[in-house]
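Order-wise, the sequence lines are chains C and A. Residue 181 in the working numbering sits at position 181 of the first sequence, with consecutive numbering throughout. Residue 513 in the working numbering sits at position 513 of the second sequence, with consecutive numbering throughout.
Be aware that one or more of the hints could be misleading.
Because identical chains share one entry, a pair is satisfied inside a single copy or across any pair of copies.
[Unchecked claim] Think about it this way: if two alpha-carbon atoms lie no more than 27 Å apart in a straight line, the pair counts; the simulated DSS-like pairs of lysine-lysine are:
{"hint": "1", "residue 1": "LYS505", "residue 2": "LYS551"}
{"hint": "2", "residue 1": "LYS512", "residue 2": "LYS583"}
{"hint": "3", "residue 1": "LYS135", "residue 2": "LYS84"}
{"hint": "4", "residue 1": "LYS455", "residue 2": "LYS33"}
{"hint": "5", "residue 1": "LYS452", "residue 2": "LYS551"}
{"hint": "6", "residue 1": "LYS230", "residue 2": "LYS317"}
{"hint": "7", "residue 1": "LYS135", "residue 2": "LYS295"}
{"hint": "8", "residue 1": "LYS551", "residue 2": "LYS293"}
{"hint": "9", "residue 1": "LYS135", "residue 2": "LYS290"}
{"hint": "10", "residue 1": "LYS5", "residue 2": "LYS461"}
{"hint": "11", "residue 1": "LYS478", "residue 2": "LYS221"}
{"hint": "12", "residue 1": "LYS33", "residue 2": "LYS457"}
{"hint": "13", "residue 1": "LYS427", "residue 2": "LYS551"}
{"hint": "14", "residue 1": "LYS317", "residue 2": "LYS135"}
{"hint": "15", "residue 1": "LYS478", "residue 2": "LYS189"}
{"hint": "16", "residue 1": "LYS228", "residue 2": "LYS476"}
{"hint": "17", "residue 1": "LYS412", "residue 2": "LYS455"}
{"hint": "18", "residue 1": "LYS293", "residue 2": "LYS135"}
{"hint": "19", "residue 1": "LYS92", "residue 2": "LYS427"}
{"hint": "20", "residue 1": "LYS285", "residue 2": "LYS505"}
{"hint": "21", "residue 1": "LYS221", "residue 2": "LYS189"}
{"hint": "22", "residue 1": "LYS452", "residue 2": "LYS427"}
{"hint": "23", "residue 1": "LYS455", "residue 2": "LYS512"}
{"hint": "24", "residue 1": "LYS576", "residue 2": "LYS512"}
{"hint": "25", "residue 1": "LYS92", "residue 2": "LYS478"}
{"hint": "26", "residue 1": "LYS189", "residue 2": "LYS452"}
{"hint": "27", "residue 1": "LYS412", "residue 2": "LYS268"}
Hints are computed from structural coordinates only; laboratory data are not their basis. None of these values were measured; they are calculated from a predicted model.
There are 2 protein chains.
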Amino acid sequence: MILEKVNSPQDLKTLSMSELTALADEMRDVIVKKVNTTGGHFGPNLGIIEATIAMHYVFNSPVDKIVFDVSHQCYPHKILTGRKEGFTNPEKYLVYTGYTAPEESPHDLFKVGHTSTSVSLACGVAKARDLRDEKYNVIALIGDGSLTGGEALEGLNNAAVLGGNIIIIVNDNDMSIAENHGGIYDNLKLLRDTNGQAENNFFTSMGFEYHYIGEGNNVEKVIETLQKVKDTDHPVVVHLRTVKGHGCAVAEANREAFHYIMPGTLDKKDKPAVLPEDYNSITTKYILDKAAKDKNLIVVNPATPGVHGFTPDFRAKLGRQYVDTGIAEEHAVAFSSALASQGAKPILAIMTSFVQRTYDQLSQDLALNNSPLTMLVYWGGLSGADATHLGSFDMSLISNIPNIVYLAPTNKEEYLAMLDWSVEQTKYPVAIRVPFAPLTSSGVEDTTDYSKLNKSKVLEKGEEVAILGLGTFAAKAKEVKDALKNQFGINATLINPVYISGIDKELLESLKSNHSLVITLEDGILDGGFGEKVTRFYGNSEMKVLNFGGKKEFTDRVPLATLYERYHLTTELIVKDTMENLKCTLLKK
Amino acid sequence: MILEKVNSPQDLKTLSMSELTALADEMRDVIVKKVNTTGGHFGPNLGIIEATIAMHYVFNSPVDKIVFDVSHQCYPHKILTGRKEGFTNPEKYLVYTGYTAPEESPHDLFKVGHTSTSVSLACGVAKARDLRDEKYNVIALIGDGSLTGGEALEGLNNAAVLGGNIIIIVNDNDMSIAENHGGIYDNLKLLRDTNGQAENNFFTSMGFEYHYIGEGNNVEKVIETLQKVKDTDHPVVVHLRTVKGHGCAVAEANREAFHYIMPGTLDKKDKPAVLPEDYNSITTKYILDKAAKDKNLIVVNPATPGVHGFTPDFRAKLGRQYVDTGIAEEHAVAFSSALASQGAKPILAIMTSFVQRTYDQLSQDLALNNSPLTMLVYWGGLSGADATHLGSFDMSLISNIPNIVYLAPTNKEEYLAMLDWSVEQTKYPVAIRVPFAPLTSSGVEDTTDYSKLNKSKVLEKGEEVAILGLGTFAAKAKEVKDALKNQFGINATLINPVYISGIDKELLESLKSNHSLVITLEDGILDGGFGEKVTRFYGNSEMKVLNFGGKKEFTDRVPLATLYERYHLTTELIVKDTMENLKCTLLKK
Numbered sequence: 001m002i003l004e005k006v007n008s009p010q011d012l013k014t015l016s017m018s019e020l021t022a023l024a025d026e027m028r029d030v031i032v033k034k035v036n037t038t039g040g041h042f043g044p045n046l047g048i049i050e051a052t053i054a055m056h057y058v059f060n061s062p063v064d065k066i067v068f069d070v071s072h073q074c075y076p077h078k079i080l081t082g083r084k085e086g087f088t089n090p091e092k093y094l095v096y097t098g099y100t101a102p103e104e105s106p107h108d109l110f111k112v113g114h115t116s117t118s119v120s121l122a123c124g125v126a127k128a129r130d131l132r133d134e135k136y137n138v139i140a141l142i143g144d145g146s147l148t149g150g151e152a153l154e155g156l157n158n159a160a161v162l163g164g165n166i167i168i169i170v171n172d173n174d175m176s177i178a179e180n181h182g183g184i185y186d187n188l189k190l191l192r193d194t195n196g197q198a199e200n201n202f203f204t205s206m207g208f209e210y211h212y213i214g215e216g217n218n219v220e221k222v223i224e225t226l227q228k229v230k231d232t233d234h235p236v237v238v239h240l241r242t243v244k245g246h247g248c249a250v251a252e253a254n255r256e257a258f259h260y261i262m263p264g265t266l267d268k269k270d271k272p273a274v275l276p277e278d279y280n281s282i283t284t285k286y287i288l289d290k291a292a293k294d295k296n297l298i299v300v301n302p303a304t305p306g307v308h309g310f311t312p313d314f315r316a317k318l319g320r321q322y323v324d325t326g327i328a329e330e331h332a333v334a335f336s337s338a339l340a341s342q343g344a345k346p347i348l349a350i351m352t353s354f355v356q357r358t359y360d361q362l363s364q365d366l367a368l369n370n371s372p373l374t375m376l377v378y379w380g381g382l383s384g385a386d387a388t389h390l391g392s393f394d395m396s397l398i399s400n401i402p403n404i405v406y407l408a409p410t411n412k413e414e415y416l417a418m419l420d421w422s423v424e425q426t427k428y429p430v431a432i433r434v435p436f437a438p439l440t441s442s443g444v445e446d447t448t449d450y451s452k453l454n455k456s457k458v459l460e461k462g463e464e465v466a467i468l469g470l471g472t473f474a475a476k477a478k479e480v481k482d483a484l485k486n487q488f489g490i491n492a493t494l495i496n497p498v499y500i501s502g503i504d505k506e507l508l509e510s511l512k513s514n515h516s517l518v519i520t521l522e523d524g525i526l527d528g529g530f531g532e533k534v535t536r537f538y539g540n541s542e543m544k545v546l547n548f549g550g551k552k553e554f555t556d557r558v559p560l561a562t563l564y565e566r567y568h569l570t571t572e573l574i575v576k577d578t579m580e581n582l583k584c585t586l587l588k589k
Numbered sequence: 001m002i003l004e005k006v007n008s009p010q011d012l013k014t015l016s017m018s019e020l021t022a023l024a025d026e027m028r029d030v031i032v033k034k035v036n037t038t039g040g041h042f043g044p045n046l047g048i049i050e051a052t053i054a055m056h057y058v059f060n061s062p063v064d065k066i067v068f069d070v071s072h073q074c075y076p077h078k079i080l081t082g083r084k085e086g087f088t089n090p091e092k093y094l095v096y097t098g099y100t101a102p103e104e105s106p107h108d109l110f111k112v113g114h115t116s117t118s119v120s121l122a123c124g125v126a127k128a129r130d131l132r133d134e135k136y137n138v139i140a141l142i143g144d145g146s147l148t149g150g151e152a153l154e155g156l157n158n159a160a161v162l163g164g165n166i167i168i169i170v171n172d173n174d175m176s177i178a179e180n181h182g183g184i185y186d187n188l189k190l191l192r193d194t195n196g197q198a199e200n201n202f203f204t205s206m207g208f209e210y211h212y213i214g215e216g217n218n219v220e221k222v223i224e225t226l227q228k229v230k231d232t233d234h235p236v237v238v239h240l241r242t243v244k245g246h247g248c249a250v251a252e253a254n255r256e257a258f259h260y261i262m263p264g265t266l267d268k269k270d271k272p273a274v275l276p277e278d279y280n281s282i283t284t285k286y287i288l289d290k291a292a293k294d295k296n297l298i299v300v301n302p303a304t305p306g307v308h309g310f311t312p313d314f315r316a317k318l319g320r321q322y323v324d325t326g327i328a329e330e331h332a333v334a335f336s337s338a339l340a341s342q343g344a345k346p347i348l349a350i351m352t353s354f355v356q357r358t359y360d361q362l363s364q365d366l367a368l369n370n371s372p373l374t375m376l377v378y379w380g381g382l383s384g385a386d387a388t389h390l391g392s393f394d395m396s397l398i399s400n401i402p403n404i405v406y407l408a409p410t411n412k413e414e415y416l417a418m419l420d421w422s423v424e425q426t427k428y429p430v431a432i433r434v435p436f437a438p439l440t441s442s443g444v445e446d447t448t449d450y451s452k453l454n455k456s457k458v459l460e461k462g463e464e465v466a467i468l469g470l471g472t473f474a475a476k477a478k479e480v481k482d483a484l485k486n487q488f489g490i491n492a493t494l495i496n497p498v499y500i501s502g503i504d505k506e507l508l509e510s511l512k513s514n515h516s517l518v519i520t521l522e523d524g525i526l527d528g529g530f531g532e533k534v535t536r537f538y539g540n541s542e543m544k545v546l547n548f549g550g551k552k553e554f555t556d557r558v559p560l561a562t563l564y565e566r567y568h569l570t571t572e573l574i575v576k577d578t579m580e581n582l583k584c585t586l587l588k589k
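Based on the provided sequences and hints, a complete structural model is requested.
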């Protein structure tokens, strides 16, 4: 095993070309086995092994600085930079994160997880170097899928004129998470088809020196070109043609499905039988039914179809009523808003974490124009996710923008009723926080008129304590109510607030007559969220308010149970805090 | 006067070429006179008169849809679409907004004011048309300066493959607000220099059909080309070469200064004498002093130098220590964050309204990486501005992102101390809300240690009522205190919270002993802002809290005095609300 001898990039420098190639194969085996055990990004890492070896062979990390885009393709890099055990030793499989992490290694420059940032970050690294007249290489490794993100394009535009050394390696595997979309890809194809020789070249048009590597999964070929551009004194683009999932036949043949795999994927011979109904399946069913009847219905998605269950079959069925914008969240919001303004019925499906790309578009292109868009926000809520993919900030982000109605359904029937109301109404930009939770059902069709904005639902009338359980925390609210009843004989009022973006002032006012405490439960950070609005309402009254939710912080793969303990979000702790407050209040009475 | 006969685009269709040209000159005179009286965008409108006439001559608005980018160049369009009087009749000069406004005319599609949105919006309009199999032209008019914004580039990438009619007119006057920056401009220059014939073409590389108009201020020439592309069935870019400020010698010669002019600019023969000191001038002085001593100091600005007083002389003095990223706010944040991570000392200057472009970059590229950036946020606060340029949302946006320290200075000495602390510290991403107000001075050097996060300053100790006056509302807080004293004999405690992003829990706790009411004053919307955090802290205590600030809404050129009345932000109304609450409290005691 060559890999046994490789503990740092320095160890590569003495290997022969054939040893480097053999090393790539060893690394491939290790990554396949590890990722099939733990789950993780599969195709992107298999495709970039040879180029990573070549980068570390040619450059001198960490003196030379390599900035990874998204960094979901950093597994080979981690293996070569002292973190091999995280891939070879099953006991250490979970020690390292799936993204670059400066706290793990000086070879990692940034905590990254969103796309399209590497060129801008590399520009900053290069410019800091130039301010001090230092000399080293700064390299950005960016995938073709990431190129369409506005931040990447802004970065390229600036990188081209920054002056000084910067090497942008465009890893072109002709895929985003799913297939690519956009005019840039016509040019990448032309460049691939002409072996990089076409005169019309997106990169040289901007002023970059340009090199093409047709065999990006051949270590020697990549080394050859990187040696040419090393120590350049001006901006260079290296266009590297690789194969996503390289060396694993099933991944090469199913590039979208093998972008990210769940544990054991390679061992499963058969497709699973019929999957249970979930929020994804009821959404796609609703959409297909509706779209068949109404040609104005259109689904817009910025390059994350898998997240929403938008299978290739679903996309094909929708035909021109489905637009994948590529990784381009800003465009997706503005585009959808304009569709809505012209009488189309757009449903924009987007992940919580990537809504963050669109604050200004939500504010200016959408809310200011009051376009009746339906935006489905997926994966919202506290979670044990990586710090780069938390779903806990969306309520603060979306609900403080004027005009947007942000809804928090608590079960299947409510969700479908909200969705249909939103699609058909023509007055408001509406966002719906699709429950990131198992499907629950009330068993009864929901006939609520959601155009009565900010009208909460009183589920169970009681006294003394009122519990507002927002969206996915409705079930928790019910548990708290039951515990208060069973343990302390308190008959609390149970409320489903329904709207994240506004409070039901009339209801809140009425609670004053026979309640002394209101508690709010929300599945996200408290800062700027729903509970604070309730508290502000009661600020100058006798009503006491306790807000339960997350803290304003980045958490990194902290198990949800730990977070619930930390934030006092278990039923037990909520009841405890409630009773403590209540005793104080009763004592004073 | 030909203009007298022109009341709608239809009236153009019967005019001869020479009449159209004469009309352009008449419109120029009208715009010059009007804008010199009221202030407004000058150069951009003078440059686009001929092309606007040509567009309305060739196309059939409002059936054909024209989407303006930024829409600061829409004055000629307004003149031709029934709003002539807003430019010819001084009494009606202020009737129409300076941007497109659907409520004014069916010829205006969107409320717009931020850059780089037109292509995405036009894509939505075109796609809605195609879903219904309707036929008409959709035109986006975008300036070269706006091209570098991520949203524009995302839009172009998608427009190229959307299918169907879309005509993107790139109005290339070789200027942003100031000069352009970026690799794209190398290509625009090449295309201009080759009369559009260069093989290497940013637009055709993406798949657009491309047309070049070298004489963009010649009505006939523009008409000629637009007639060729009218009713196209695929995406087209028309590259239009115009002169910013065309036909006004002083504006042509001073394109940056005449981008936007104040009333009476053309009448002023002499430059004003030495300007009084303000927050801009003390900032630029600080920067020049510091940069001369420290080569790691660098100023980053996304294309708005004039807003910050970054004159051409200032920029020249900083040399490589100044980077204008072009209109590219996302890149500017990521770039600056990376600079900071590598030991440089970046000061990123940005307008409140455009910070909205950067939520995700603030969160992921900056805060998650804890880079010690200094971000100066300009023009924050409630104002009588256009709905597209409000400064009231930044506190909610920035202060709910983890790790970012957001500071609200109340006077010159505090601001300079914060700025210097921020530039020299290495632990936190720091944002400072530069007071958008006349300079005030305490007369005493500020020696506060701002690394003690969230430590408020007690300015005057009192009892019963505590007043927290944040940033620019510090003076208002003092007025309220004085009024309470003078009118009611109440000796209130006066507090400068200092930090927007966190509360001083120790101080707030201590207030409980001898205060019954806390009032918070903040210069922005209440939702998600500072006051709510204070209220949440006191939610389960006996302390009453009143939050004073703006409402979550878009206001459009509503005078500040009206807003202060509406939001109860005059000293009189704050005192009135305070006393009402206090009486209730005292009655119950």
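### Query
Quick check: which numbered hints come out false for this structure?
3, 4, 6, 8, 10, 11, 12, 15, 16, 19, 20, 25, 26, 27
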